[in-house]
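Undergrad: Can you make the complete structure from the sequences, with help from the hints?
Residue-level listing of the chains:
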Amino acid sequence: MFEHLDDAEVPHAGALEMAHVLHRADLIRTKRRWVLVIGFSCALLAASVGFFVARTSATSPTTTTGYEFNLRRGTLPVGFPVPTTALVAVQFANPEYGFALAVHRGAVFLAATTDGGGAWEVRNDHLPSGLGAEAGYPGQFEFVGFTGYLWGARTPSAAPLWVTHDDGATWHKASVGPYVVDVSAIGLNVWAITDTCPSTVTADLVSCSAAVEESTDGGSTWSPLSPMSEGGTSPTAAPPQPVELARITATRAYVLRMSSDADIPFAAWQLAFTSDNGATWVNRPAPCTGPVAAGAEIAASSSDDLWLLCGSQASAGFQSKELFRSRNGGQSWVLVSSAGGVGTPAPPSPVPNAVPLAGYVAPLTIGHHNLAVASPTTAWLYPSRADLYLTTDGGSTWLPVPDLTSAGFADGGAGNITFLDAEHGWICEYGVGLWHTTDGVHWSALGT
Amino acid sequence: MTTPVPRSFELAFEGLYRLGYRVAFRILGDRSEAEDVAQEALARAFLRWSSLHEQPEGWVCRVATNLSIDRYRRRRRRLRTPAGPIGVLDDRLGERTDLVDALRSLPRRQREVVVLRYLADLSEVDVAATVGCSVGTVKTHASRGLAALRRQLGTNQKDGDDVRAS
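Chains as they are written, first to last, in numbering that gives the first Met the number 0: chain A, 0 to 447; chain B, 0 to 165.
Everything labelled a hint here was simulated from the structure, so no lab data went into it. Be aware that one or more of the hints could be misleading.
Stated by the list, open to error - To give an idea of the interface, some chain A residues facing chain B are shown, with a C-beta separation under 8 angstroms as derived from the structure:
1. F1
2. L4
3. D6
4. V9
5. A12
6. E16
7. H19
8. V20
9. R23
10. A24
These figures come from a predicted structure and were not determined experimentally. Glycine included, every Cβ here is placed at the ideal spot set by N, Cα and C.
TA: Structure, rendered in structure tokens:
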């Protein structure tokens with residue numbers, strides 16, 4: 000039916016056409032072989048590149064990116080490079096040697112650096128259970144030389160305190176507790192604040208009792224110090240108690256703790272002081288009362304120079320704050336700066352560069368490492384979810400540190416600030432990075 | 000390096016070549032292009048001859064038809080390009096264009112049967128053996144395909160009549 004579309008001249012189909020067909024078949028066959036060879040070569044090349052890239056990143060701490068780190072599944076091997084964005088809290092034993100709690104796929108592990116924080120690697124990804132990932136809140140840690148302490152378990156079944164004597168490679172349970180809410184070590188002399196309740200910001204009314212225990216052998220054996228309550232009448236009925244231990248010397252220490260009084264609507268803070276290695280304790284007034292009694296942090300530049308930062312209930316990243324100073328070991332306090340407006344009346348006229356309203360203080364932070372006092376005049380404040388602020392006039396005025404913003408620091412994160420001395424400091428912001436200063440003034444980013 | 004030519008391929012070569020050429024020429028209307036298509040279809044058939052040699056006609060027709068339609072579409076794009084050559088003078092050009100468009104619009108099985116039955120002029124028995132179905136099924140597909148072609152080509156002629164639109 001389509002004959003009218005035919006060629007009037009029927010083509011010849013002889014030897015010449017056969018030769019053309021066979022030649023064309025050879026060309027097709029050759030082309031297919033080349034496609035196979037090229038495809039196989041590309042696959043081989045891609046596999047080789049992938050292999051060497053993976054190998055290189057596993058051996059060079061400086062080439063791992065957060066993306067590669069997050070892609071990695073399973074337990075991290077010792078020595079595996081860690082990006083600074085994975086660090087949650089850092090601590091340094093000297094300008095080069097430091098440790099950090101870091102997070103990988105929701106689990107907490109221990110990282111270490113030997114170059115001042117530029118390169119980090121995994122030290123231990125088998126931290127004791129009950130510490131780290133629970134409730135999205137990492138435990139707290141402290142290192143003195145090769146000896147480290149790890150605490151903050153929120154489950155009754157987990158050991159409250161773990162100790163390492165080999166740089167974090169292995170950890171041992173310490174027979175102290177039942178809960179440990181803060182630890183401070185000076186050499187092999189270690190104090191731990193223990194409680195019958197876990198440290199938490201919830202305020203369930205249960206019977207809790209805090210005490211101080213001491214170890215003189217780096218955490219191996221423990222014995223209780225004298226009770227902090229006057230007259231030794233502990234335990235007392237109280238809500239869960241955020242507690243901070245500030246040891247000025249081996250024998251002088253302050254314990255800042257929250258207690259409750261059924262007659263007042265707000266919690267009140269108590270400051271217990273000892274100057275004889277915990278043999279006797281004296282209660283001193285803590286000015287964090289009323290609306291600004293929701294949080295508090297204490298720091299010291301010397302045995303008698305105390306800084307106490309009080310905070311109100313928090314709201315949308317803001318918290319009213321009052322900063323008090325004491326030059327006589329807490330016997331009397333002077334308000335040096337305040338920021339109101341969240342749960343407290345706003346000041347009639349804003350005070351320029353007062354202590355910042357933005358950000359939270361402990362216990363709404365990771366630990367209580369947000370206030371670092373370098374001297375009677377100089378201190379750094381890193382409220383959780385806010386910027387880093389510096390005062391050089393004893394706390395009256397505070398200014399954001401401009402170097403940090405230009406170095407990539409972003410306000411709004413969580414982390415910690417730590418200083419070895421007035422010049423060497425680090426600020427860690429989880430998910431963003433790590434920065435340091437070596438002169439106490441200028442800051443720069445570290446690592447990847 | 001040339002692979003030895005199987006005896007059965009040698010024997011079938013002439014008939015398959017003419018078959019492929021006829022199908023290609025009916026679509027393309029160009030002798031050199033039709034020869035090129037026939038050679039390409041035969042070369043591909045040669046490379047897989049071990050699996051084709053019992054029923055090669057249908058396979059060659061399908062390949063020749065597909066190659067021809069592809070070439071026709073490429074050629075049409077070239078002709079639409081103002082800078083391209085317009086050297087083809089074919090008084091059946093409009094009819095071939097309609098035919099290609101109509102074939103492309105058919106379902107795969109109908110198109111296969113129509114091509115084998117009416118472009119390659121195979122018998123219904125041969126088409127059934129090639130496609131792997133019964134003669135009745137071939138008739139059904141051929142009838143429906145032809146009706147679709149008629150609608151596409153704008154004719155109302157009866158089954159078996161010429162479907163020329165022009």
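Undergrad: So, as I understand it, the hint says A/R23 touches chain B; can you test that by seeing if any CB pair is closer than 8 angstroms?
TA: 4 angstroms, holds
Undergrad: Can A/V9 be said to touch chain B, with a Cβ gap under 8 angstroms?
TA: 7 angstroms, holds
Undergrad: Using 8 angstroms as the Cβ threshold, decide whether A/L4 counts as touching chain B.
TA: 4 angstroms, holds
Undergrad: Can we keep the A/F1 interface hint, with Cβ of chain B closer than 8 angstroms?
TA: 5 angstroms, holds
Undergrad: Min Cβ distance, A/A24 to chain B: is it shorter than 8 angstroms?
TA: Holds. Min distance 4 angstroms.
Undergrad: Against chain B, with CB atoms and a cut of 8 angstroms, does the hint on A/A12 hold up?
TA: 4 angstroms, holds
Undergrad: Hint check: is the beta carbon of A/H19 less than 8 angstroms from a beta carbon of chain B?
TA: 5 angstroms, holds
Undergrad: Does the closest beta carbon of chain B sit nearer than 8 angstroms to the beta carbon of A/D6?
TA: 5 angstroms, holds
Undergrad: Tell me if A/V20 is really an interface residue toward chain B, meaning its C-beta lies closer than 8 angstroms to one of theirs.
TA: This hint holds: A/V20 lies near chain B, its Cβ roughly 4 angstroms from the closest one there, short of 8 angstroms.
Undergrad: Does A/E16 pass the interface check with chain B, least Cβ-Cβ distance below 8 angstroms?
TA: Holds: closest Cβ of chain B sits about 6 angstroms from A/E16, inside 8 angstroms.
In summary, the structure agrees with every hint in the numbered list given earlier.
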